[in-house]
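*Asks:* So you can see what is in the structure, the chains are spelled out below.
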Amino acid sequence: MTLTVTSSPHIRDGLTTQRIMGQVLLALLPAIAVGVWQFGLRSALVLTVCLLTALAAEALFSRLVLRSNTVADGTAAVTGVLLGLTLPPAIPYPVAALGAAFAVVVVKGLFGGLGQNIFNPALAARAFLLLVFPAAMTRYTAPGQALPLFAPTADVTTAATPLHHMVVPALPSQSLGDVFLGRIGGSIGEVSAAALLLGGGYLLLRGVISWHIPAAYLATVSLTVFALHLTDHPLTWVAYNLCSGGILLGAFFMATDYVTSPVTRRGQLLYGIGCGALTVLFRRTGIFPGGVTYAILLMNGCVWTIDRLCQPRRFGAKKGGSL
Amino acid sequence: MMPAPFHGGVHPYEGKHLSRGSELTAPPAPAHVILPLRQHIGQPCIPCVKVGDTVQLGQRIADNEGLSAPIHASVSGTVLAIETRRHPVFGEMDAIVIANDYRDTPCAHIQPPTEPAALTPQQLLAAIRRAGIVGMGGAAFPTDAKLRSGMGRVDTLIANGCECEPYLTADETLLRRRCGEVLAGLCLLQRVLQPKTTVLAIEDNKPDAIAAVQSTLEQFPQVQLQVLPTRYPQGSEKQLIQSVTHREVPPGKLPGDVGCTVVNVATCHAAYRAVYEGRPLTERIVTVSGDAVAQPKNLLVPIGTPIGELIKACGGLRDNAWKVIAGGPMMGIAQRDLDAPVIKSTGAIVCLSRAHEAAAGTACIRCGRCVRACPVHLQPLYLYRFACAADYAALWRQHLTDCIECGCCSYICPAKLPLTEQFRSAKHALKEAKL
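One line per chain: the protein sequences are A and B, in this order. The numbering of the first sequence is my numbering, which starts it at 1 and goes up by one. The numbering of the second sequence is my numbering, which starts it at 1 and goes up by one.
These are computed hints drawn from the structure, not numbers from a lab. All values reported here derive from a predicted model rather than from experimental measurement. Heads up, the beta-carbon is just placed ideally off N, CA and C, and yes, glycines get one too. One thing to keep in mind: the hints can contain errors.
Short, incomplete list of chain B residues facing chain A, as computed with Cβ under 7 Å [as the list claims (entries may be wrong)]: (1) G316; (2) A334; (3) H356.
Have a look at the derived ranges for each label pair, beta carbon to beta carbon [stated by the list, open to error]: (4) H246(B) / L205(A): 26 to 36 Å; (5) A390(B) / L41(A): 27 to 37 Å; (6) L110(A) / G361(B): 19 to 29 Å; (7) R385(B) / L281(A): 26 to 36 Å; (8) L171(A) / A355(B): 31 to 41 Å; (9) G361(B) / I118(A): 34 to 44 Å; (10) L41(A) / G361(B): 46 to 56 Å; (11) K318(A) / A389(B): 26 to 36 Å; (12) G112(A) / Y13(B): 45 to 55 Å; (13) P44(B) / R67(A): 45 to 55 Å; (14) L205(A) / Y13(B): 18 to 28 Å; (15) L205(A) / P250(B): 49 to 59 Å; (16) G252(B) / L110(A): 37 to 47 Å; (17) G42(B) / S210(A): 36 to 46 Å.
Model the full structure from these sequences, guided by the hints.
*Replies:* And the structure:
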């Protein structure tokens, strides 16, 4: 009998990267379900196009350039689905496919592959699409509207999302209940606060993410919006702000992306606060209704610095002493 | 004082039930014992017997000056050879091999002192040194030297009954069966150190051992029992000090510098044997467990018994055996074969099946689990990056030298990166580079 001789430890926890990605996909199911329910089969096709393109891009790029095969780690699948969820249901399929390929090849692959990218691939691809295809990326349709599965969607009737009103700024015409459940216009995966909270709660419960980033993010948005609307239904404003646009999708699924967020708890709080503050700033001053994308991307760029600022105290060194 | 949780740590599958139920058994006496000249930190011993000599059980057969601990014959018989043999920790090492005559003729020198209670601290230290006692929890630091360095500055003496490594139940078995002797041994050490507080620390996953201590404790009013919430690596010296006293041992300092001395419970027991019975350290309890051995057990064996004999006494290895580890699965040493002997610090032989082979890994996903698990506040993900790049300046800046190699980061890593393994060699390289 040959015994294996390697260095300790000799046992490993059962949690793997693949399993974590599987849990993220599972947690996205409620948001996917509401999206398909509200926007019809077309949104399911958009998600499928994004998923398959991301997998194909990962397979080709990792095989040809990185000389390994990393499709099975599940990260490309998560990127594809996440990008799909940030797109409007009427997005032309080639645009969606281009976005997915951009996310995997340019944002992740060219930076060195898994774990090396500075920016969240799905969000960076969405930002790219917003700049290149501004019309298609903001062509939001009303929920329940039958979209042609394969015909061009350039002339579909568009509907205002709650965020369009809030840029004005005025309270949206949609009821809070509709906003919470997802009976509003918007990107496929962002419309239902309920579904996103369900998925986010699952990730928290399973320990895939911790509360630090989403809590700091949402608390910052809440407090800032409350302060800005002190005399004018502050709580209603807070509720609409939290439930509309990509905030919940961003706070639970995008800002918590391991690769592009800080590793220490203190750093995560700082990063969440930054995301929240920038989101409110962009929502109130920007010309785009969606501030979440750029807020998180900007904070992604600060992660290295935040990690350096928030290093743990050296064991045995005095509190407040040198690291 | 409430136990303060140390930072980080992990909760591996415990597997302690495998060997817990079995009674303490002594396997058939080995045909020969292998006694390496190095079973402790410090100077290796120099043999004081020759090939062909007849030796008696408990006879001193090797010793050295300075930081060292004498080695005694663990069976009676004839010195068969003094040659290089397998060593469970160092790979290979000179050893004295004794052919067993199966008579266990005791050495004439073994005599208990007439009045143990009257011994002075210096006499107690001499008795401990004479008995060849070293830290039996794994570190194998000569106990008399440890006590000496703590004299006059230690206010807390901690007996370590945590046994936080998975599968191990040797200390637990000792506490269950010989609790009074362990506590009496601890009180001897207390007489040497004169601390304000003496604590016996046990993790809460050993209810039987805790019950045994509680029922014995009234005879030892000077000892406090502290039950700690189970978490690996609680039994690590610095972490246990933190749990019990809230103190952190500063980098490069010793437990004595924060007023603490930590001694394993098996070491306390050995001190009891040395002082009250005059017997040197020649046997110990070893847990043989894991899913690749037929009948997990706790065995009382002469030091020097080959690992293969222990496994044979436990029904042999299963066909799916993958690793045989001297020590626990988190910090133990994987064995190439079963020829190495049990030494003074061998608390367990853990046999693992292929089921424990790590799944295929990925690149680091920066999940930060390693940072949260590190009990000494390091950031393994960054250290790993620097170690792979051989960036010694960065490793130095990030305090790689603080790493206690507990294995938590590797254990928890979802990408299955060989973090601890890499750090071990990087620490080596760092040491070389400094010279």
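*Asks:* If a hint holds in the structure, say so; if it does not, say that too.
*Replies:* Right, here's what the structure says about each hint:
The interface hint given for G316(B) is violated, since its Cβ lies 10 Å from the closest Cβ of chain A, which is over the 7 Å cut-off. Below 7 Å, beta-carbon pairs count as interface contacts, and A334(B) has one with chain A at about 5 Å; its hint therefore holds. Hint on H356(B) holds. Least Cβ distance to chain A is approximately 6 Å, under the 7 Å limit. At roughly 32 Å, the beta carbons of H246(B) and L205(A) sit within the given window of 26 to 36 Å.
Remark: the range hint 27 to 37 Å for A390(B) to L41(A) is contradicted by a beta-carbon distance near 55 Å. Checked against the hint of 19 to 29 Å, the C-beta distance between L110(A) and G361(B) comes to roughly 23 Å, which is consistent with it. In this structure, R385(B) and L281(A) meet the distance hint of 26 to 36 Å, their C-beta atoms being roughly 33 Å apart. Restraint check, L171(A) to A355(B): a C-beta distance of roughly 59 Å breaks the suggested window 31 to 41 Å.
The hint said 34 to 44 Å for the Cβ distance between G361(B) and I118(A), and at roughly 22 Å that hint is violated. Remark: the range hint 46 to 56 Å for L41(A) to G361(B) is contradicted by a beta-carbon distance near 38 Å. Separation of K318(A) from A389(B) is about 31 Å and conforms to the stated range, judged on CB atoms against 26 to 36 Å. Between G112(A) and Y13(B), the C-beta spacing of about 35 Å breaks the proposed range 45 to 55 Å.
At about 48 Å, the CB distance of P44(B) to R67(A) agrees with the hint of 45 to 55 Å. At about 21 Å, the CB distance of L205(A) to Y13(B) agrees with the hint of 18 to 28 Å. Under the hint 49 to 59 Å, the C-beta atoms of L205(A) and P250(B), about 39 Å apart, miss the expected range. Look at G252(B) against L110(A): about 43 Å separates their beta carbons, and that is inside 37 to 47 Å.
At about 45 Å, the beta-carbon gap between G42(B) and S210(A) stays in the expected band of 36 to 46 Å.
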